[in-house]
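Asker: Just so you know, we're using this note's numbering here: the sequence shown kicks off at 2 and counts up by one.
Since the hints were made in silico from the structure, they are not lab data. A couple of the hints might just be wrong.
[Unchecked claim] Label-pair ranges, simulated between beta-carbon atoms: (1) D200 x A165: 57 to 65 Å; (2) V369 x G311: 26 to 34 Å; (3) T559 x D309: 17 to 25 Å; (4) L255 x V400: 25 to 33 Å; (5) R541 x R359: 14 to 22 Å.
Glycine included, C-beta positions come from ideal geometry on N, C-alpha and C.
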Amino acid sequence: MTAATRALEVRRPGALMLIQDGGRPGLAAIGVSRSGAADRAAYALGARLVGHEVSARGAGLAALEILMGGCEVVARGNLVVALTGAPAPVSVDGVPAAGNAVLRLRDGQVLRVGAPTRGLRTYLSVRGGIDVEPVLGSRSTDTLARLGPAPVREGDVLAVGDTAGLAQPAVDAAAVAGDREATVLLEVLPGPRTDWLADPEELFATEWTVTQDSDRVGVRLQGRALARHPDVEGTELPSEGAVPGTIQVPPGGLPVVFGVDHPVTGGYPCVGVLTEESADRAAQARPGQQVRLRRAPGWQQLLADVADVGTVAPGQARSRFRAGLAVPTSGWSRGYTQANVIALPRELAFDFLLFAQRNPKPCPVLGVLEAGRYDGETFAGDIRTDVGRYRVYRHGELVDEPADVLRYWRKDLVTFLLGCSFTFEHPLIEAGIPVRHVEAGRNVPMYRTTRPCRPTATMHGPLVVSMRPIPADRVADAVRISGRYPAVHGAPVHVGDPGELGIEDLQRPDFGDPPVLRDGDVPVFWACGVTPQAMVMAVRPDLAITHAPGYMLITDVTDDRYDEGERVR
Numbered sequence: 002m003t004a005a006t007r008a009l010e011v012r013r014p015g016a017l018m019l020i021q022d023g024g025r026p027g028l029a030a031i032g033v034s035r036s037g038a039a040d041r042a043a044y045a046l047g048a049r050l051v052g053h054e055v056s057a058r059g060a061g062l063a064a065l066e067i068l069m070g071g072c073e074v075v076a077r078g079n080l081v082v083a084l085t086g087a088p089a090p091v092s093v094d095g096v097p098a099a100g101n102a103v104l105r106l107r108d109g110q111v112l113r114v115g116a117p118t119r120g121l122r123t124y125l126s127v128r129g130g131i132d133v134e135p136v137l138g139s140r141s142t143d144t145l146a147r148l149g150p151a152p153v154r155e156g157d158v159l160a161v162g163d164t165a166g167l168a169q170p171a172v173d174a175a176a177v178a179g180d181r182e183a184t185v186l187l188e189v190l191p192g193p194r195t196d197w198l199a200d201p202e203e204l205f206a207t208e209w210t211v212t213q214d215s216d217r218v219g220v221r222l223q224g225r226a227l228a229r230h231p232d233v234e235g236t237e238l239p240s241e242g243a244v245p246g247t248i249q250v251p252p253g254g255l256p257v258v259f260g261v262d263h264p265v266t267g268g269y270p271c272v273g274v275l276t277e278e279s280a281d282r283a284a285q286a287r288p289g290q291q292v293r294l295r296r297a298p299g300w301q302q303l304l305a306d307v308a309d310v311g312t313v314a315p316g317q318a319r320s321r322f323r324a325g326l327a328v329p330t331s332g333w334s335r336g337y338t339q340a341n342v343i344a345l346p347r348e349l350a351f352d353f354l355l356f357a358q359r360n361p362k363p364c365p366v367l368g369v370l371e372a373g374r375y376d377g378e379t380f381a382g383d384i385r386t387d388v389g390r391y392r393v394y395r396h397g398e399l400v401d402e403p404a405d406v407l408r409y410w411r412k413d414l415v416t417f418l419l420g421c422s423f424t425f426e427h428p429l430i431e432a433g434i435p436v437r438h439v440e441a442g443r444n445v446p447m448y449r450t451t452r453p454c455r456p457t458a459t460m461h462g463p464l465v466v467s468m469r470p471i472p473a474d475r476v477a478d479a480v481r482i483s484g485r486y487p488a489v490h491g492a493p494v495h496v497g498d499p500g501e502l503g504i505e506d507l508q509r510p511d512f513g514d515p516p517v518l519r520d521g522d523v524p525v526f527w528a529c530g531v532t533p534q535a536m537v538m539a540v541r542p543d544l545a546i547t548h549a550p551g552y553m554l555i556t557d558v559t560d561d562r563y564d565e566g567e568r569v570r
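With the sequences and hints as input, model every part of the structure.
Answerer: Rendered as structure tokens:
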């Protein structure tokens, strides 16, 4: 590096000195992680102190990240600097100076940073920033991908950029946080693979120790190894996307917390993700330091908290369900088609297709995935993880209602997507027809009837219906509107007396929640996509995987694709 009018001359870089900025956001799709400062909050504070704006969208100020102090630099020209992050003794020409504050260095003055009293990484920010050539839009050093400038060496002269147009340095209004306790507490958001652990509570009950081989790529934890669930022992996942703070558990059972230079994908189960604040704390955890993990406040609420679930995009909804949210999907993602799901062994696939063809009202087929496939054209996701709750049947017996079915998945399973009556609920609501279970935040009530389905040689079972109480003066409208959607059960199969279907008590549904009935309401019954589950209970195949009643797959297909009335007009 060549000398410049304004620069920092490095006499001692310490254990490791790196140039870091806000990183390279938005490049994960091409295999490039964000990288950047390991402790983002400390970096952002330093940038603000020397008059630089901090943006989530761009790289911003290039600062120096100093590992374990022990550095010495000389000002070439008059400079404004700040030291943030791990607190360390600081001096200017031998005179003690403050951290987390603006320091003004005159030409030739020597700034020394000692070993931190706690934490690992101290940030030296200089007004104007370290002026090196950016790589992929950032001046950060990615230690895993080896992108960006090389580590700073003794004798390097680091040019400082232009300060024209910058805000005046000022004392920052934010309080400076720090871990003064011996044990670092890290808050965790739910991950999609917690059920791969035999006992997920062990993740939070164990006191972990940071190992010596931790770095910017990941913080490795030592402690009581986490056992895998017996059903997934010896199984591995396909690689999945990862973010800073991802907690993965390799087969050895010892967690790894991904740092900012993490690989963009990982093949071990993700059992949690640190909050942003905790990811910063993890970056400052020293080898040998104790770490405790705890659930972030409002673990479930953080997943479910949205003002109107109807406005949630299908991909966002599936992401929430994949992360552990389990709620009925009626009313979610308005305007997008929802689907019932059933996966059966390949040798039963043709028989089920014939059963569905003979019973199109309860079993309208929207799509079929080839044996072993778990992705499809109608949804950008994974059929094994993206439904809020599943049911697993063995020989006709319900054995589990898991959050995902990865451990049950087999290469011979053929998945059928069937139309769902939730699709026409929004048109009913738009027409001013109340949908009581949506208003009450409940699951729709569903009932086994005494009406048999039309059987095949191998498959049979009763018709299952869903019921919606409709004001008497709007029944004809409800029949007309739902009739526009034959691919998602269409018009009702019965209106009025439930006894004619063999239903003895409406307040005791076989699936879902009891209905909300108002004066003047008439019970209206639609064929239901839970009918295949009743067939499974009767026929008793060795394995069947379905959605839990009311917990549908939300597809990327818009409802108007199935609106026969729209096509006529």
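Asker: Need the list of violated hint numbers for this structure, in ascending order.
Answerer: Failing hints: none at all.
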